[in-house]
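Number of protein chains: 2
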Amino acid sequence: MHRDGTLAAMSRGLVILIGGREATRGEPACLRRFVTECGGRRCRVAVIGVASEDPRAVRETYEPVFAELGAEVRFLMLPDRGSAFRPEAEAAVGEADGLFFAGGDQLRITSLLGGTPVARAVRRRWEEGAVLAGTSAGASAMSQTMIVGGEGDAPPTLNTIRMAPGLGILEGAVVDQHFAQRGRIGRLLSALAQNPDVLGIGLDEDTALAVGGDGVAEVVGTNTVTFLDAREASGSNASEARSSALALTDVRLHVLPGGYRFDLRSRRPLPPRDGEVGV
Amino acid sequence: MHRDGTLAAMSRGLVILIGGREATRGEPACLRRFVTECGGRRCRVAVIGVASEDPRAVRETYEPVFAELGAEVRFLMLPDRGSAFRPEAEAAVGEADGLFFAGGDQLRITSLLGGTPVARAVRRRWEEGAVLAGTSAGASAMSQTMIVGGEGDAPPTLNTIRMAPGLGILEGAVVDQHFAQRGRIGRLLSALAQNPDVLGIGLDEDTALAVGGDGVAEVVGTNTVTFLDAREASGSNASEARSSALALTDVRLHVLPGGYRFDLRSRRPLPPRDGEVGV
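Going down the list, the protein sequences come from chains B and L.
Counting in the numbering used here, the first sequence runs from 1 upward without gaps.
Counting in the numbering used here, the second sequence runs from 1001 upward without gaps.
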């Protein structure tokens, strides 16, 4: 979060964070939204598969659905750091209308891409207005400080979470994915307890948060996005409780389904665009 | 919650709600607290096993630990409604310093005990000052409207939760158990969305909430208790969203580990009694 309270993302292209296991057949709401925002049919999408150790699975997952949605797709698997220095990879990023980070391990994204020409090209292309999307590990990596591991279905303790520097696309927020499905509120609260200034964003599976340049984010898909705002927390024992359970009080929680919006600047929920349901 | 904002429990004996899988060897903190509150060594405890279909397992679980803690234990298994009309069972309840509802299925507790002389004796004995405890299903059943089923590790939807009338010991609150371990925040939020007036209490395993006559509750055990207060929720789509995901905004969340306290009247967290950690 910048000092004036705006997210760095505000002046750049759209960022679409997806909570993993997004539909690729039937109604692929999250991916359809991504393609639409990239310009619709014949838009150029670069799928960046660096998070995965199985490039073939990435291709088999995304080739049919992006073809169905009418996008022209290139796959950049970038299996090692060396490949992220190749001018052809940099050029492919520079020509894309949308950049899609597939899932896997977020540490592969940052350890293999961090500081490379491809990483700089991704940021530059996004600053020029390209849509930047990531699912699962690809969503987590968008945070400035990202969650890289930690138990699900567990109460918050400092021991249940590991964090590392992320791509820094979404400043002032920590993103977690597979949120309800893997019982991850404990580990996201553990992150917030360590610095209640950051906004916690928990993305359910097959659900996306499309963050616009105006700081207004919209939920897309079949499940929910949970927002945890601990800025007004009246107490935290994070600095003392190295091994035991955490205390964290007065956290504001919002859970929003598809169509609902959230203003990341004011941290306030907004009603759906069609206004049919009041918030 | 009574109109004056006090819980009905206030003027009666202590209520100890346990989130299931409490330690029965090593350091059995939850059960030790129960026995201490019952008067310590030689206190009379009645274990009510009605929730379980396996009376032998209940006895094998609790006989050694209560013996170790010095309590004199009677087991009331009450396998059918008929047994809850037997004067001997009623008398056993009437003589106990502490009544302990073991786990199993909360619908067995209410369907087999509801409206029987034993149920009335339990309430009377508690009103006279006996300690009333319940673990897992036994904790859930203490609510006025209790959760009887619903998916874990799922976002809040009205479809993920089923509720039924509970024993009504703890008015104004809905209790869920195995809370972090089974990813149950979604289903507890589903309960609150349907009536944001009730306080949501989520008990982790091996963790208890001891609710005193003054409305102040203390967390005991190795994990945490989560309090969800949706009274100031600015929006809910519960009346429209029959099948899709729920929206619920501005829920206040507190997560407290052992030693921390919570005032159920004011719905405010309190620091531990020894005051060493600020809240």
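Worth flagging that the hints you see were computed from the coordinates, not collected in a lab.
Idealized CB from N, CA, C, for every residue including glycine.
Take these hints with a grain of salt, some might be off.
Said to hold, decoys possible - Beyond 10 angstroms from chain B on every Cβ pair, some chain L residues (computed):
#1 Glu1060
#2 Met1077
#3 Pro1079
#4 Ser1083
#5 Gly1094
#6 Arg1162
#7 Ser1234
#8 Asp1250
Said to hold, decoys possible - Label-pair restraints from in silico Cβ distances:
#9 L/Asp1197 with B/Arg56: 34 to 44 angstroms
#10 L/Gly1215 with B/Arg25: 37 to 47 angstroms
#11 L/Arg1231 with B/Ser266: 40 to 50 angstroms
#12 L/Pro1165 with B/Gly129: 56 to 66 angstroms
#13 B/Arg265 with L/Pro1165: 43 to 53 angstroms
#14 L/Ser1239 with B/Ser266: 51 to 61 angstroms
#15 B/Gly40 with L/Ser1239: 35 to 45 angstroms
#16 B/Gly40 with L/Glu1232: 36 to 46 angstroms
#17 B/Arg265 with L/Asp1263: 29 to 39 angstroms
#18 B/Gly94 with L/Ala1023: 55 to 65 angstroms
#19 L/Ser1239 with B/Asp263: 22 to 32 angstroms
#20 B/Ser234 with L/Gly1040: 50 to 60 angstroms
#21 L/Ala1057 with B/Asp80: 46 to 56 angstroms
Item checked: Earlier hints that do not hold, by number -> When the structure is compared with the hints, numbers 7, 8, 9, 10, 11, 14 and 20 turn out to be violated.
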